[in-house]
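Residue numbers (my numbering), protein chains in the order written: chain A, 1 to 368; chain B, 1 to 271; chain C, 1 to 305.
There may be inaccurate statements among the hints.
Stated by the list, open to error - In silico DSSO-like pairs for lysine-lysine, Cα to Cα no more than 30 Å straight-line:
(1) A:187 / A:176
(2) A:175 / A:292
(3) A:139 / C:192
(4) A:176 / A:292
(5) A:139 / A:176
(6) B:126 / C:65
(7) A:176 / A:133
(8) A:334 / A:175
(9) C:37 / B:126
For the record, the hints were derived by calculation from the structure and aren't laboratory data. Here the structure is a predicted model, which is why all the values come from computation and not from measurement.
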Amino acid sequence: MPGPVIEAGQPFLQIQHLQKDYAGVRAVDDVSVTVNKGEIFALLGSSGCGKSTLLRMLAGFETPSSGDITLAGRSLTGLPPYERPINMMFQSYALFPHLSVWDNIAFGLRRDRLPRNDIAHRVEGMLELVQLKQYAQRKPHQLSGGQQQRVALARSLAKRPQLLLLDEPLGALDKKLRERTQLELVKIIEHVGVTCVMVTHDQEEAMTIATRIAVMSEGRILQVGRPDEIYETPNCRFVADFIGSVNLFDGAVTKDAPDHTEITTPEGRHLVGHGVNLSVGAPVSIGVRPEKIDISRHAPPQSANVVQGEIVNLAYLGSTTVYHLRLASGMKLKATALNHARNEGLRPATGDQVYASWADNAMVVLAQ
Amino acid sequence: MNRHRWFARGWLTLGYLFLYVPIVVLVVFSFNSSRQALTWTGFTLDWYHALAQDEEIINGFLLSLKIAALTACSSVVLGTFAAFVLDRYRRFRGRTLFGGMVNAPLVMPEVIIGLSLLLTFVSLEKLLGFPERGMLTIWFGHTLLGMAYATVVIQSRLREMDRSLEEAAMDMGCRPHQVFFLVTLPNITQALAAAWLLTFTLSLDDVVLSAFLTGPGNSTMPIIIFSRARLGLDPRVNAIATLTIVAVTLAVIAISIMQARAARRPERPKA
Amino acid sequence: MTPRRAPWLLSGRSLVIGLPFAWLLLSFLLPFLIVLKISFSEMDISNPFGTLFSYVDDVLIMKLKLGNYAFIARDELYLLTYLSSLKYAALTTLCCLLIGYPFAYFMARASVSLRPILLMMVMLPFWTSFLLRIYAWKGILSNDGLLNRLLLDLRLIDAPLQIMNTPVSMMIGLVYAYLPFMILPLYANLVKLDLRYLEAAADLGATPWQTFWRVTVPLSRSGIAAGAMLVFIPTIGEYVIPELLGGPSTLMIGRVLWDEFFTNNDWPMASAVTVVVVLLILAPLVWFNRYQSDQDRAAPGRERP
């Protein structure tokens, strides 16, 4: 039964205080999050963080120990999977081996007792969407991995679900195929306009595909935000460290003003271009992303946000060079530089003493 | 390395000889014109003619066939139930007892199973006037044994089946019983067929249970062969043996060809 | 808000478990109780088993003839027979292992195209009637049988060897019948053996003999266990082979039970022996099953992060 009509961008899926315990282990710990209509929402975390359990609770394969799930105003608690307006694309695709591609896609529609013409129409539409029209009569084992994935997607969209769940959608594909598929996947999902929750351990996948990301660890959600928000303004050490690479300086606040903050660490003086609302002496960590750091042989004209160190390792990656520095304090620093010039002589080499510097708005301050 | 090669070949050859000499002897002596069946006196088809006239054996064969087919069907149905319960429901009251009872016939000597069932049927007959010992009781006993074997075969297939297929079915709107009939069952057909053949053969060949549970005038073929074998050698038994061996050989070859053909699938396209 | 227990699990499940459970209880518990009852009764000519309960003068009398069990405990025959069955079963298992292991090993190491044929050639005797194949040995091993004729004609012996109806003939029959049961699980196990383990062992300096004993055999442990179980357990209770090929000196529990039942017509006695044997088998079975279900429960199952 359809609930109230909800506009795109409005809260659509509400997860409230969801919890799942297994024999003394808390897999999902008091998770509350809201997903808006039409967005692609990613649950990102390493294995064991609870993201898959959360997804399975949305699908109805696991029963929450406590908490509630509401979709379009309607509570899903207690509803078995076959009564939820939700469909899932499984990590292993789970295509029925004894049915053809056509029958796989039509499977869910037949359970709904749709008239035969409608079913044929829908299936044809889906095949068109994923560009597999000529493979309609093949069995799953006769298809390649990428084709199987498209069938799985078509099958999960055939019933026009209110919510689409993706379980590690690109996990089974090799790298080259993954890049191509990422964009196709987003195109199809946006074309259909379905709200989507996906689970992945691959940051790049999350950042590419998702509108918003929730970083999870040990059953809890640590931060929810757009990819740029998560990357540039992580709210804790774990998130800063989990997404991409980050250099973390540990120290204490020495001065806190409304428009700037000074923090002292064993590596030197750091000047952050905004206030942080912490008392003097409070322990903090400063995070600086590698690409925000400039490497130069000569001292730059700044007294704060600069350190000196020796290049102990260098990785030339073609478009960028990754420098690993050892600083005077013993801390290891990682910096990435675009290879602007083709001339090797201009670039620092292993063993060189160099200066690493960054701007005052390139840092993020994290309470410890 | 060559020495090893010859040792391997020798061992395998001797092994196969050991397995096949009795079978070959059976077949060869079914054509022997001497009654004693131990010295070759000449080729004859007499024993096959005698077999065709032997009403006792023909009736026994038909009865065995009927019972075997019924047993195979009932064993597979019950075995599927039991395998499903044991594989899908990990925790319920009495699971240990259930599992124990399902597996017990595999461990119990048939004499004990036959004895217990016979005493039960006799008691029931005295009390209720039913059941009369005969085809029904033999079928019951065979099913008890067959179910145990069928469960083993089917359970091992269920265990390795991809569970996400059933979840996907539920996700698509299947209620639990629909999941079973539309997705689970089609994916275990090979195991079901194997279980059917296994229990069919078991029932067709069974001596002990049939002997205990049979009634007057209801001798199955193994019972007849067994009683004749106890008395001495009978070339008609050799004839039966030859026919059986031919049938089994043809069946085994046919199934191997079918499996080989199924394994040859069209090439996967790239991307 | 507390979640409702998912009701879709309950009713269908009870039915699916309940039906086979009921059938099993009927075909197991009922016969066992009846056998138990009969084992406590007197052998009666008119009535194959006496009645336990009688109601006389407002008194319910239960007569339990414990004599049957006392007899079993006192009479050496039953204990000897049981031990003898165990002995022959163990010997058969050992012979099958000694013959079957190399057989399965060489099968598994044969070329890939040859393996299906080798397997089929083992399956064929397996699917052929067991009774008929044992009958064949009667023809071969008896005093005027094939073997003796051959040896006499070749002048290797003067008088026929008395092989028939001895422990030797029974052992030959047992090993012959159960050999495929040992070969098949061993083959299934050995064929999956990753040859890279053997290569690694050779790389580290092991000779082929050492590799066999220190790598191959330990890795095939589960196959050996499976084969041994498939041979040992049914052999204990074998009836047909001891009856057709064995003699008066081959004591097997299957024959003793049969004779007790059909020949002596002492059904209470046979029932008592049955109860004892069942208990002897049940105890390890229950333990084994509990061990199995503990293993199942300890396994990760569907828990995913």
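Structure-based check of each hint:
1. A:187 / A:176: holds (18 Å)
2. A:175 / A:292: Holds, at about 27 Å.
3. A:139 / C:192: holds (28 Å)
4. A:176 / A:292: Holds, at about 28 Å.
5. A:139 / A:176: The given pair, whose Cα atoms are some 25 Å apart, holds under the 30 Å limit.
6. B:126 / C:65: Within the cut-off at roughly 21 Å; holds.
7. A:176 / A:133: holds (24 Å)
8. A:334 / A:175: holds (25 Å)
9. C:37 / B:126: Holds: residue 37 of chain C and residue 126 of chain B sit about 15 Å apart, inside 30 Å.
The structure agrees with every numbered hint stated previously.
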